[in-house]
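Q: Listed below are the residues making up each chain.
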Amino acid sequence: MPQERRFPLGLLIGIIAAIIMGLGGLLIIGLAENSRSQLPLLGRVPDFEFIAQDGSPFGLDDMKGRISIVDFIFTSCQTICPPMSAHMQDFYEQFEGTDKIQFISITVDPERDSLSVLRQYAQDLGVDDNRWKFLWQPVEKVVWLSEKGFMISARELPGGHSSRFVLVDPDGIIRGYYDGVEEQSMKILLGDIRKLAKRI
Amino acid sequence: MKNFKRFALISTIATYALIFIGGLVRVSGAGLGCPDWPKCFGRWFPPTNISQLPPDIDPATFNFTLAWIEYFNRLVGVSIGILILITTILAVKYYRKAPKILYPSIAALLLVAYQGWQGGQVVESELKPIFVSIHMVLALVIASILIYVTQQSYYLERPEADRQAIFPRGTHVWMGLLWLAGMVQVILGTQVREGLEILQEKFPLLAKAEFRDYIGPTNYIHAVLGIVLTLATIIAGYLILKKSRYLTNLVRDSVWGLIVLILAQLAVGLALVTAGLPSLMQLFHLWIASLYMGVLFVLFSAFRRRPGGDHAARA
Chain A
1 MPQERRFPLG LLIGIIAAII MGLGGLLIIG LAENSRSQLP LLGRVPDFEF IAQDGSPFGL
61 DDMKGRISIV DFIFTSCQTI CPPMSAHMQD FYEQFEGTDK IQFISITVDP ERDSLSVLRQ
121 YAQDLGVDDN RWKFLWQPVE KVVWLSEKGF MISARELPGG HSSRFVLVDP DGIIRGYYDG
181 VEEQSMKILL GDIRKLAKRI
Chain B
1 MKNFKRFALI STIATYALIF IGGLVRVSGA GLGCPDWPKC FGRWFPPTNI SQLPPDIDPA
61 TFNFTLAWIE YFNRLVGVSI GILILITTIL AVKYYRKAPK ILYPSIAALL LVAYQGWQGG
121 QVVESELKPI FVSIHMVLAL VIASILIYVT QQSYYLERPE ADRQAIFPRG THVWMGLLWL
181 AGMVQVILGT QVREGLEILQ EKFPLLAKAE FRDYIGPTNY IHAVLGIVLT LATIIAGYLI
241 LKKSRYLTNL VRDSVWGLIV LILAQLAVGL ALVTAGLPSL MQLFHLWIAS LYMGVLFVLF
301 SAFRRRPGGD HAARA
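Protein sequences, first through last, are from chains A and B.
Per the numbering used here, the very first residue in the first sequence carries number 1; after that it's consecutive.
Per the numbering used here, the very first residue in the second sequence carries number 1; after that it's consecutive.
Mimicking DSS-like on lysine-lysine, the simulated pairs with C-alpha atoms at most 30 Å apart in a straight line are:
1. A:64 x A:100
2. A:64 x A:198
3. B:39 x B:128
4. B:39 x A:187
5. A:141 x A:100
6. A:187 x A:64
7. A:187 x A:148
8. A:198 x B:128
9. A:195 x A:100
10. B:5 x B:93
11. A:195 x B:39
12. A:195 x A:64
13. B:128 x A:187
14. A:198 x A:187
15. A:195 x B:128
Derived CB-CB ranges, DEER-like:
16. A:184 x B:39: 16 to 22 Å
17. B:267 x A:90: 38 to 44 Å
18. B:39 x A:56: 51 to 57 Å
19. A:8 x B:158: 19 to 25 Å
20. A:191 x B:82: 32 to 38 Å
21. B:225 x A:191: 32 to 38 Å
22. A:120 x B:225: 55 to 61 Å
23. B:117 x A:56: 55 to 61 Å
24. A:191 x B:170: 51 to 57 Å
25. B:235 x A:34: 41 to 47 Å
Since the hints were made in silico from the structure, they are not lab data.
Computed from a predicted structure; not experimentally measured.
C-beta: ideal position from N, C-alpha, C; glycine also.
Same shape as in the complex, but just chain A (with noise of 0.2 Å):
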């Protein structure tokens, strides 16, 4: 038999489920957001003067209004550094569409790894652009960038130094430390640059 008609209160109900259920939503899906975004800030990069590979000067100005990749590595180095500048390689490569991240390795080893070696072992990794700087200065200012500027260990050099990769946001502050041999470290790494590229 057909029943009679009501107040579709189901439907009112529904729609104002639906309303809550939607601004919750945009809530919790804001809040996440927002979680993500927040990498800590671990420190500033004090002002420091090295030479690229070309000759010129790089310092703390060369990395503000750019996120900026760095580690500390050896051209001769057999061990942790081979796969810590495929990992900065691939990181070259993924990101060739833009300037606004750059990579920054420094030598530890400056008594061997001249400009012109380190130029060298550029153009092995396939750096045609100016997007990875090689950087050189003496050993005991190497030592102090390390040490005081980046934070991290940099004991019996060459052979001693840390295999960590260290994001900088655009303003020189420290964002994050990532092992550079670590392939899960390296993806989150890549969703912290994905984050600050947020803000570029």
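Mind docking chain B on chain A? Use the hints.
A: Chain B alone, transformed into the frame defined by chain A:
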């Protein structure tokens, strides 16, 4: 046994709420908020600050908000598991002779247990797209089974309901076909999303709106099938309302609900494409799809009822 119907109905509604929450986990990127399973950062209760993290976990991977979003999803999931367990116990106790209630209840319980375990696999696989899609499709199947159980318990109370109605022949077949097409469409939708995620991995700087251009044929098929499904639903709905008589309010409201849902789904789908895939729209797109499938299932069961027959429901 009114309690049974109540439990079955609450389980169904709660399952739809959980599908929404699960979608929220997805679109807010909280899937790995807890990197382990079943615990969260090695604890039954997520850490509230970094000092509570186990020593082997890198503090940089901890995000308080994301951990709690994922944990809430698990908490609600467990609660629904308990609800379905109670529903099944009641079914075993009171409906041992009503296979239409007993067996689907047991199936729902087994599936929800599997779903919980499979959720762990989703986390362990670090959100491998196929695992995420299986999790979603399973949720839809569980919801459909719960709807079936609820509806059968309703019919048990009112054995004549939906038996007097006159409607075009084969209507239930059409509802079944729409349900299957809907499931294909859901799976295609998960493929579109998988494609998006792979692109996001590869090109992190690409704006969401630009992804659309790279997705390829699946996106196109999903859109075309969406329009076809919308038209088919509206035509089927129109014919049912026009050519049937003595429809119950349940059926009439469900038909209207189906039409409203498919139109809303089309609108949200178009908004997704034109507005650059906003997260909230993705969430509703998924959720409306699950509601649509559920309502189709209600109609499928209603149109299958024939005057006189179906002794099981009267057992």
